[in-house]
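There are 2 protein chains.
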Amino acid sequence: MTTNENKFREAALIAKEFGVELEWERRSYTEIQADSLEEIVGFGVEEVCREIGDPCFAEDAGLFIDALNGFPGPYSKFVFLTIGNRGILKLMEGVENRLAEFRSAVAFCSPGGGPVVFSASVRGKITHEPRGTGGFGFDPIFEVNGRTFAEMSTREKNLLSHRGAAIRKFLLWFKGERGQDMGE
Amino acid sequence: MTTNENKFREAALIAKEFGVELEWERRSYTEIQADSLEEIVGFGVEEVCREIGDPCFAEDAGLFIDALNGFPGPYSKFVFLTIGNRGILKLMEGVENRLAEFRSAVAFCSPGGGPVVFSASVRGKITHEPRGTGGFGFDPIFEVNGRTFAEMSTREKNLLSHRGAAIRKFLLWFKGERGQDMGE
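One line per chain: the protein sequences are A and B, in this order.
Here the working numbering runs 86 ahead of the position in the first sequence, where the first position is 1.
Here the working numbering runs 86 ahead of the position in the second sequence, where the first position is 1.
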């Protein structure tokens with residue numbers, strides 16, 4: 087579940103490749119403050135699963151900038167909503183090391199079980215100005231192979247992105263589990 | 087409880103004025119991601135109270151900068167540890183509106199009861215450079231009446247500060263409650 091329509095659209099497109107249709111549980115969950123996305127999303131999905139009594143998964147992502155000691159990291163959404171891309175670019179003024187990574191953690195939980203978490207990341211660079219109109223959040227200032235995520239179509243971004251990779255890991259596992267279940 | 091020795095020292099000094107001796111439960115608690123400190127600290131203190139089975143209180147504070155839409159707000163600790171005072175001053179370069187406030191929320195919980203929360207805030211300004219060696223965190227860049235919190239003694243800071251005010255509110259209530267309990 088998520089409240090972010092962009093995220094859902096990206097995830098649904100990937101799930102389609104796996105022949106899985108996603109249902110959008112548009113709700114938020116308790117997000118804890120932690121340095122790792124895995125902890126945050128694991129905690130949240132377990133809570134929602136307990137409440138709704140159905141299997142569900144959630145994803146959390148963040149931008150970790152090397153020269154800023156991992157800022158904005160797990161608090162990317164809040165930082166985006168307050169200081170935005172302009173704030174990040176201001177913090178990076180005069181900073182030579184532009185290296186950064188987007189990280190994603192997907193957690194799945196079914197009733198009675200604990201969360202299973204899948205992570206992925208993608209290395210890139212912080213640009214000197216925003217470029218592109220696609221994507222959302224920090225996409226216009228995060229560049230991989232010369233183009234920002236906002237300069238890519240959702241399909242292209244999914245092939246390269248942290249979220250695409252983490253969701254694929256999860257779906258591969260999920261299809262394997264379900265296959266096993268049905269075989270038994 | 088807190089893991090921050092500076093906070094404990096400030097709180098203990100105030101409690102002394104009320105004839106209350108504090109015991110330091112040096113532990114952390116689950117901090118949720120929320121826009122309000124009240125929610126964060128209420129959630130945490132309830133959890134710890136359930137675990138230890140004793141009355142306890144916790145405090146959470148944050149710096150909310152007007153021109154930055156409330157950044158760093160509830161995530162002040164993480165922001166301090168990553169981009170620090172230098173990062174905040176860089177974000178504020180060329181910004182005329184320097185107004186900001188420190189907010190504090192104190193939550194108390196006793197076994198079987200829900201959290202009771204007390205809040206306070208203090209308005210001030212973000213300086214153009216760090217000043218003073220006292221206090222901790224953003225104290226060197228937060229100015230009230232011409233002096234930063236880091237330029238004050240703990241006692242002076244407590245008289246003016248968000249934390250001082252919130253803890254006093256809590257202790258006044260606490261002494262009243264206890265008085266009532268004993269009278270009944």
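Check the hints yourself; a few may be wrong.
Since the list gives no way to pick one copy over another, a pair counts as held whenever it fits inside one copy or between any two copies.
[What the hints assert, rightly or not] Here are the simulated DSSO-like pairs of lysine-lysine, each with C-alpha atoms no more than 27 Å apart in a straight line: (1) Lys102 - Lys211; (2) Lys102 - Lys261; (3) Lys211 - Lys255; (4) Lys261 - Lys163; (5) Lys255 - Lys176; (6) Lys176 - Lys102; (7) Lys211 - Lys176.
Hints were generated in silico from the structure; no laboratory data involved.
* Of the numbered hints stated previously, which ones are contradicted by the structure, given in increasing order? -> 1, 4, 5, 6
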